[in-house]
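Relying on the hints, combine the two individually framed chains into one complex.
Next come the chains, spelled out residue by residue.
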Amino acid sequence: MDEQKLGELFRDAARDAPPPSFDVDAVRSASARATSRRRSAVAAGSALAVVLVFGGLVLGADLVRNTGGDLTAAGSAQDASSPNVTPFSAGEPEMLPKDASPDLSGGNPPESIPDDPSTQGDEPSGTAGRTLAGSAQRGCVEVDRELAVALADELSVANAEQASPAAADCPTDARGASFLVRDGAVYGTVSVVLAPADSAAPVPAGSRHASAKTSDGRELYLLSRPEEGSTAGPFADDLPKLAQRLAARF
Amino acid sequence: MDQRDEQEFAEYFAARREAVRRTAFLLCGDWHRADDFAQTAFVALHRRWRKVRDKQALDAYVRRTLVRAVIDESRRPWRRERFVDSVPETPSGDGEIGDSVATREALVAGLRRVPPRQRAVLVLRFLEGLDVAAAAEALGCSEGTVKSQTSRGLEALREALGDTIEDLRPAS
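For the protein sequence lines, the chains are R and Y, in the order given.
All residue numbers for the first sequence refer to numbering that gives the first Met the number 0, where the first residue is 0 and numbers rise by one.
All residue numbers for the second sequence refer to numbering that gives the first Met the number 0, where the first residue is 0 and numbers rise by one.
Heads up, some of the hints might be wrong.
Label-pair distances were calculated between CB atoms; the ranges are [what the hints assert, rightly or not]:
1. R:A25 to Y:C140: 30 to 36 Å
2. R:V41 to Y:G139: 22 to 28 Å
3. Y:E158 to R:A33: 38 to 44 Å
4. Y:G139 to R:L51: 32 to 38 Å
Here are the simulated SDA-like pairs of lysine to any residue, each with C-alpha atoms no more than 25 Å apart in a straight line [stated by the list, open to error]:
5. R:K4 to Y:E17
6. Y:K146 to Y:R116
7. Y:K50 to R:K4
8. R:K4 to Y:G28
9. Y:K50 to R:R32
10. R:K4 to Y:S147
By construction, these hints were calculated from the structure, which means they are not laboratory data.
As the structure is a computational prediction, the values presented were derived from the model and not from experiment.
Backbone N, C-alpha and C define an ideal beta-carbon position, used for all residues, glycine too.
Okay, chain Y solo, but in the shape it has when bound (with noise of 0.2 Å):
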């Protein structure tokens, strides 16, 4: 990439590192594991930035390569995700700050429970906020597909979580 490509790169790095981090945290439920998928996605970015031609779309192969790179991983035999009977950590409410941190806690420890897809769908939805239809295109899913998988992950989610947040409903 020349100077100016490096440049672009660089302001759009700044720009979206943080929210990358975050949804990947979302996906993956560890900090560590965040940032290696969330660089993942940047270098591939990187790698085909020149070959970028809608910059409106940046976001949005990020985005797809962060999601693939996550589901994948958990499909590998010695990273797959075991589910539990019970939340490893116990949120205890304290006081406001105590209730914050303990909702906090307990709905990324839900959210681990759910299955990848399922997670992956509830996180593009309500942390990124898009609609069903962008959503449906970063998975490479039908819309259908992403109305379904969205109604049961937050069902799997309501039962991970069970008294802690209270009842979530179906959103779409």
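The following block holds chain R by itself, in its conformation from the complex (with noise of 0.2 Å):
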């Protein structure tokens, strides 16, 4: 069978065709659909787009914000330092210096910068603003992360990282962390400082407490301190039941 023969075949093998079951319409309609289709593929595939880069330039920017006030604020520190503070959030401590500036994301600034810093942890002679509470010394600090962040979910604060260091007279080896937090109309600090066992209590003047015992057998100290304006501290009649509740969890 030649190649003629065949193709006669083949055009006899397809030639009782039915009616078509489509018209010119039914293609123009379909194609209408198919670029529909396609436009709104694209639209939503443009949306999607613009919402990753603008999502990405917002979170560089902030990442950026952040970095730059980390440096300033470490940068301000060199001419000025506090002794026994550093920062809360150092985010690389090789690049900070021994002597930070206290609380970077929140809480008031130093009222007055000690003139002859001491590197021995003695006190320096200037006062400070809350963050120091003129009492935050030798053992706490520093913002204890781990405190903080078990404060601020007992005490509902919704950004752990405005924590400050504990406004207490803490002992060595002790670690601790404070909210500036408003109670009703009661308005100040609540600390917490977690000490070694037998420690002397860490309460200034002033301030209320409780303690409880941790599983490990340390002393887990609240502290409540008023602020000008109010005469008792935040969450005083509650100090108890909280210093349990922290206890517990360490």
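Written as structure tokens, this is what we have:
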């Protein structure tokens, strides 16, 4: 069988075609639908791309701002350092000076800077604002992130990074954190200090406190100190209960 | 598309619809699916009508779209073709017309047993009358591949048909 005869056979096989099930209008409408779908897909893809790019820019700008803030604060701390106080959110410790400013992300700046900072752990000669509270000494001069998160959780503080060093007379090896909070009309500082067993209570004058023992025998102190305009500290009545709950976490 | 383009497309559609349907039928062996494939090819052409500068290439574009649509669908698991040992309907010759119908049905049934790509080569070459180069362009392969596929396709068709149609010799 040659090609010509084979071709006739093929043409003959497809001869009796039934009436077509589509016309030019069906083709046009199907084409319009396909084009519409294509445009919708392109529009959705473009919108997604814009959202991603915008989100990336916002995130990048936020990161840059945070990084710049850290470096700026760290740089200023070089000029007038306050001993025993290091920033809470020190992302790159090796880039920061040994003596840095307190609480970069919140809290009040020191009211005055000590003239002759000591490197021996002595008290600074200057006075400090809320973050130092004139009593953030020896042990808990840094914000302890773990305690800050736990305290923020108990006090329902939205941003744990706003924590300040504990306003307490901390013994050596103690660590702590504090928040400036409002309890109804009462405004004050609530501090938590985790101190070694048998250490002296780190309670400064004017503060109320409660304590509880942690599972490993350490002493957890919860202190409440009123700020100006308030007579009693915030959550003063709840301190024992809060202290128990916090101690159960450690 | 503007009015003039639509008019041109309508004229082309009217002139080529039946030929495209027949090609699609031999490619898939079913008139309903053939209409679907033909419509798919015309829709693709309609969407690209303004971009097709060479109107002489319309046939080639539709042919290529059609063949690819059929081969692509044959690869989908839920539509994958299955080969069976026997032809589903055995034609029974009864007189000249009966012989003609039987031969036609036997060829369509035999083509369905040929692998999709070899079947496409046979349809393009013997139904559409394309030479090796044109078939290679439509299938996006080399001329050597078209020749080998033609040979294998005819062999497969011969095996599928048995004695139903007189001996098929490789044509290339």
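Exercise. Which hint numbers does the structure go against, in order from smallest to largest?
Worked result: Number 7 only.
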